[in-house]
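J.: When you get a sec, could you build the whole thing from the sequences and use the hints?
4 protein chains.
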Amino acid sequence: MAGSTFGTSFRISTAGESHGPGNVVIIDGVPPGLELCADDLQGDLDRRRPGQSSLVTQRNEGDRPEILSGVFEGQTTGTSIAILIRSEDQRSRDYSEIKDKYRPGHADHTFDAKYGRRDYRGGGRSSARETNVRVAAGAVAKKLLRERCGVEVLGWVCQVGNLLFDPPELEARSAVTLEQVEATPVRCPDPATARDMITLIEQVRSERDSIGGACRLFAKGVPAGWGEPVFDKLKADLAKALFSLPAVLGVEYGSGFAAASLRGSENNDALSFENGKVVTTTNRHGGMLGGISSGMPIDLRCVIKPTSSIPQDQDTVTTAGEPTTIATKGRHDPCLLPRFVPMGEAMVALVLADHYLRQQAVKPS
Amino acid sequence: MAGSTFGTSFRISTAGESHGPGNVVIIDGVPPGLELCADDLQGDLDRRRPGQSSLVTQRNEGDRPEILSGVFEGQTTGTSIAILIRSEDQRSRDYSEIKDKYRPGHADHTFDAKYGRRDYRGGGRSSARETNVRVAAGAVAKKLLRERCGVEVLGWVCQVGNLLFDPPELEARSAVTLEQVEATPVRCPDPATARDMITLIEQVRSERDSIGGACRLFAKGVPAGWGEPVFDKLKADLAKALFSLPAVLGVEYGSGFAAASLRGSENNDALSFENGKVVTTTNRHGGMLGGISSGMPIDLRCVIKPTSSIPQDQDTVTTAGEPTTIATKGRHDPCLLPRFVPMGEAMVALVLADHYLRQQAVKPS
Amino acid sequence: MAGSTFGTSFRISTAGESHGPGNVVIIDGVPPGLELCADDLQGDLDRRRPGQSSLVTQRNEGDRPEILSGVFEGQTTGTSIAILIRSEDQRSRDYSEIKDKYRPGHADHTFDAKYGRRDYRGGGRSSARETNVRVAAGAVAKKLLRERCGVEVLGWVCQVGNLLFDPPELEARSAVTLEQVEATPVRCPDPATARDMITLIEQVRSERDSIGGACRLFAKGVPAGWGEPVFDKLKADLAKALFSLPAVLGVEYGSGFAAASLRGSENNDALSFENGKVVTTTNRHGGMLGGISSGMPIDLRCVIKPTSSIPQDQDTVTTAGEPTTIATKGRHDPCLLPRFVPMGEAMVALVLADHYLRQQAVKPS
Amino acid sequence: MAGSTFGTSFRISTAGESHGPGNVVIIDGVPPGLELCADDLQGDLDRRRPGQSSLVTQRNEGDRPEILSGVFEGQTTGTSIAILIRSEDQRSRDYSEIKDKYRPGHADHTFDAKYGRRDYRGGGRSSARETNVRVAAGAVAKKLLRERCGVEVLGWVCQVGNLLFDPPELEARSAVTLEQVEATPVRCPDPATARDMITLIEQVRSERDSIGGACRLFAKGVPAGWGEPVFDKLKADLAKALFSLPAVLGVEYGSGFAAASLRGSENNDALSFENGKVVTTTNRHGGMLGGISSGMPIDLRCVIKPTSSIPQDQDTVTTAGEPTTIATKGRHDPCLLPRFVPMGEAMVALVLADHYLRQQAVKPS
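Chains as they are written, first to last, in this note's numbering: chain A, 1 to 365; chain B, 1 to 365; chain C, 1 to 365; chain D, 1 to 365.
Derived from the structure by calculation, the hints contain no laboratory data. The reader is advised that the hints may include incorrect statements.
From the structure, some residues in chain C lie toward chain D, with a derived Cβ separation under 10 Å [claimed, not checked]: (1) 99; (2) 103; (3) 180; (4) 183; (5) 185; (6) 206; (7) 221; (8) 259; (9) 266; (10) 277; (11) 288; (12) 292; (13) 305; (14) 310; (15) 361; (16) 365.
Below 25 Å or equal to it, Euclidean Cα-Cα: the simulated DMTMM-like pairs (lysine to aspartate or glutamate) are [as the list claims (entries may be wrong)]: (17) B:99 with B:322; (18) B:277 with A:313; (19) B:329 with B:100; (20) B:329 with C:73; (21) A:277 with B:73; (22) B:99 with C:35; (23) D:277 with C:35; (24) A:277 with B:40; (25) A:363 with C:73; (26) B:220 with B:100; (27) C:277 with D:88; (28) C:220 with D:112; (29) C:363 with D:313; (30) B:99 with C:73; (31) C:99 with B:97; (32) B:363 with A:100; (33) D:329 with D:313; (34) B:329 with A:266; (35) D:329 with D:169.
Non-contacting residues of chain B with respect to chain A, defined by C-beta distances greater than 10 Å in every case (computed) [stated by the list, open to error]: (36) 184; (37) 191; (38) 261.
Every value quoted in this text rests on a predicted model; they were computed, and no experiment measured them. Glycine included, C-beta positions come from ideal geometry on N, C-alpha and C.
T.: Shown next, in the form of structure tokens:
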């Protein structure tokens, strides 16, 4: 029932499937006067699109956005913005196999159970294709946050398999730049780890397999006071946003799962005062207290499962319930992490933009 | 802006603070004809309430619910149900210290930043006291799920500090019973681990400190097909629900963070067919695929930070920005886990009840 | 499904029936720092309550509100405010007649059709009793609007039967004061018309009948720019608010139904400029253009049907479908208009407060 | 703030302006298995489109819808449906006059007040152009209602100026057919009145003026039980829907404004029992009691103001506040009623489809 809308004050609604004519997002609530054109969206779309490097799926999608409304004379009008991305690389294929078999790790039998039918061409609505318009909307949110609030959202790959780059010091995380992230196709800002990750991903692909990983998401400049007490805590809305992306199995803030074995005296961040603001040196609280931003960076990690589609035989059943095997034939990412980074950033930016606007009504001008 | 409402078809709105006259929840969307009385709520409220054992805070709250509406002749009418829980143990105290100092790990300075003021008596709206009415509402959701769908939601403490009881086999988790959970005040179903956990918590308290932990939440009987594609994925709504509880720093489903180092061939659950349903032997997918329930148990873990309030000096600042120290004087839980279990169950039940009702509109009768 | 919540940024949720222990409202989104106490609510509650004059039902309800949350040290905290009004005058009665017969003009058989049951004691959830908490919430909205924006909302009875006081000149309507409205129990500001209305209502009552009427609602001081284009037009949200009240059969703005026979050259209000603002001399547009407030007064009329409960025999059916007659035995208003005025004002104020706060996010500070 | 979404279970979000590249609607919540193609939408779009007859504006828009998602193998999938209608007839014009002057009766100065800017080309977002995608979405709702519930929604012009066709008998209104409505371009089902209306509209146009009117909207086959008590009453949601359309100044149900001068004994509809259902012979209640459908036809009237744009000089001001005059030069409808009919039907159908789906969650299967 009507689950394709996200956000309250900065709200997006989406539509589109993997093999339909295109995907659409309507963004409602963007304040007037923001300069906006299609080029503002292309950068992040290019970071998400298939075919961008040898590490990802070789489908070739340009992901060219068309802004259909809400912009006049180069600026947002304050009314709803529609963005359309036409699909391009739709090879005619034989779908008979995935029509009649359920792919492990996919939403095939769950869609059948839910709707009594499914669009079996490449995942339909459950395909990651629908994230392209989220990334476009996220680019609008990022621009708003940057220009109106000085907030920057940045993500990077902090883990692929057992390879980790995740410095425990807040300062080291704060120092990561977009340039470092984009320096390699794997989007790990540490060159040595990035090299190893690339090697691992290529090896995994050559073994007809896939590999999981984790993404760090980091937002600088968020002032204290965003987020609502109780249900719409900032950490709650961010988690919903991230878990709404395909393949996310876990989200943790600050000290995260490690906090299970910590004592209060170890986990509490001591408060001090700097430049007129309450600050902490450490960031075990992840930038939110009581669900409200503390003024420290939003600092979280999410885990992405290995791609479910792998080109080797896996045990499954037919739609009629007979045992069988299936091996993926399409073009898939051996590791979802490099393309996940802009998706994660987009979802974080959408939530922050929403709570930025929501906070306006708490303390009216 | 208006963040005290949760859910769509099964919707709750709450109000109340730690030191006000009481807490209220309005539950909207409960179908007609469910037998309901205050006693149905008391069981879970007793599992949540302070003073229930020597392991938790010794404040003494009866948490007696009064049903104000929505029930007639012992059955729900289909209209909104209001439940009031009056506060009882409100010692008059001297709040001057926490009025003028920010407690580390608490929402003190974030509320000040957000609202320009705060109710400094024990946390105000950010206090865990507000969860009592969530637990009451969750008891209604549980009853609906049990009687209409055969769904059971159960949680238990799977970690305190470095002490773990978290069997990797789905069968072992499926076999845990409410009786086992309630057999000890720590709510770990394994007697030996429970004993160790109790010892650890008592030791931590004697050391004027606190300790973190993790909670397993498990729902059996959820049919395939609940949850929406894209934003209102079941995993997204469950995560929002759990992160809306105080002190939660992480949530993971199925293989969770371990999936970062797994290959697709290791992480995919093979599908088979049993009693007319698609099933999996393992549950690394956590009971949801594409955000829609798969028919396997919902299976997740969340991490709770150590209690921020500890009776030892911690560095902080005054509201005026001067460095100072603070030591908690009130009565606090040395470990939040035992009382977290019914809160976590309640939030899971609220989300499941919501998606059960939402699914009615997808395939109308 | 979950229809007991109203508003977006200034949001209320309600619960309660005619013959339950009490009614509750949770108000979410009230900005911090508004001075508020129960006395602020009592004035409008007294204007709505039964037993206030000889013209209305003689049930005797004090309608004493208790503020349960959201106010600290005399000011709103910014978090949700719960208000409880306990029921007082609940005579034990014999409900067997209305249990087994459907009252014409009431929601008896529609509730049965919807829920398969109904609380037959005096209307249950469909009773006008539930409006007491709306009036309490409306008093909070009025206070916010008055103190933060200089907006005043005022209603009056402009028609009872064929008796009319509804001056066509904007100036005459603008000049009406609360004192004039409250000078007589019928709430018509024109003394002569009021006297006639009172006589008519008493006559109708003596004839065991009831009479309809109309209410003018007027809001001064609303700045240009409130309301959203397309669906959440101010006129759309106001209409929803008013039609959500019992017994309302029509709403019209500005020239209203008379516009059907006007020409554009007659109906358009010419624009001029005064004190830095665009103004109109006439107000045929009713204070909104394109669904957005124009800076002129919000100016509308709504029609209230004659009370359905009348103490004379009416043809109806039993719940089993047998023809029968029913005559109301309880204490009912012979004319709903006098008590409708504060209800209508409350709903207008709730919508205006909501759009005031919503506009903050359109042009962030 | 985010006002371009409408509905709960059957939800639409729209975007687009009068002079942009196109308008888009995303429909979320359409149940799976409904046969749907672009042709299903074209019929109502043709009834709404400009240029359809000599009575309406002579702009020429084909209003060809493209379904971008949510339909697979000719049937709805249950996921969100996007429909795009490209704009066609966009003459390049000189907008300098309306750029610098505020048009009386339009949303020009209210948009400027709200957003600090406006798209001055033909009304931008406030243009009636945005209703084309509402009509497309309404066609989907109508099809769902017809095929799943046997509900038919029909509207007709019941008044233009002082010319009326509005039979007081329920039977006469029930007997009106789509064929009768579509028999003349004015959409009044009575041939004689239609002829007079056409003559009047042509005369008004020749006098460089416009004329108002009223539309009857009627829905047959709605079962008892749709609509929610309190805020989401069916009459409240219908009113919001209708007032969200441009130029609507009033809505009334059943006896409507006439009820102000009726007595209860005159206005109550006696209940009787027929074919297992509670029915009334008269329909002064308009098909809803307590906000819930009664099983009788939904029966309402709404008034549409005369077109504000008229080709004669009207007094107004420049954006700088100087007095001036303005005469509309574009192509406008001399009377909005003929094209309003499908818009009104669409909004009624959207609300009914929403409440049909909402009711599924009240009495789960």
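J.: Sort out whether residue 313 (chain A) lies within 25 Å of residue 277 (chain B), counting only the CA atoms.
T.: holds (22 Å)
J.: For the pair supplied as a hint, residue 363 (chain A) and residue 73 (chain C), confirm whether the alpha-carbon distance does not exceed 25 Å.
T.: holds (19 Å)
J.: So if I understand the rule, the pair passes when the alpha-carbon distance is 25 Å or less; does residue 99 (chain B) with residue 322 (chain B) pass?
T.: Between residue 99 (chain B) and residue 322 (chain B) the Cα gap is close to 14 Å, so the pair holds against 25 Å.
J.: Is the interface hint for residue 183 (chain C) satisfied, with its Cβ closer than 10 Å to some Cβ of chain D?
T.: It is violated, given that the least Cβ distance between residue 183 (chain C) and chain D is near 22 Å, above 10 Å.
J.: When the nearest CB of chain D is found for residue 99 (chain C), is that gap smaller than 10 Å?
T.: violated (16 Å)
J.: How about residue 288 (chain C): closest beta carbon in chain D under 10 Å, or not?
T.: Status holds, d = 8 Å.
J.: Has the given pair, residue 329 (chain D) with residue 313 (chain D), been kept, meaning a C-alpha gap of at most 25 Å?
T.: holds (11 Å)
J.: Would you say residue 184 (chain B) is clear of chain A, with no C-beta pair closer than or equal to 10 Å?
T.: holds (19 Å)
J.: The hint names residue 259 (chain C) as touching chain D; please verify it with the least Cβ-Cβ distance against 10 Å.
T.: Nearest chain D Cβ about 4 Å off; hint holds.
J.: Would the stated hint for residue 221 (chain C) survive a check requiring a Cβ distance to chain D of less than 10 Å?
T.: violated (14 Å)
J.: Checking one constraint from the list: CA of residue 220 (chain C) to CA of residue 112 (chain D), max 25 Å. Satisfied?
T.: holds (20 Å)
J.: For the pair we were handed, residue 329 (chain D) and residue 169 (chain D), check the Cα-Cα distance against 25 Å.
T.: violated (43 Å)
The structure shown violates the earlier hints numbered 1, 3, 4, 5, 6, 7, 16, 21, 23, 24, 26, 27, 29, 31, 35 and 38.
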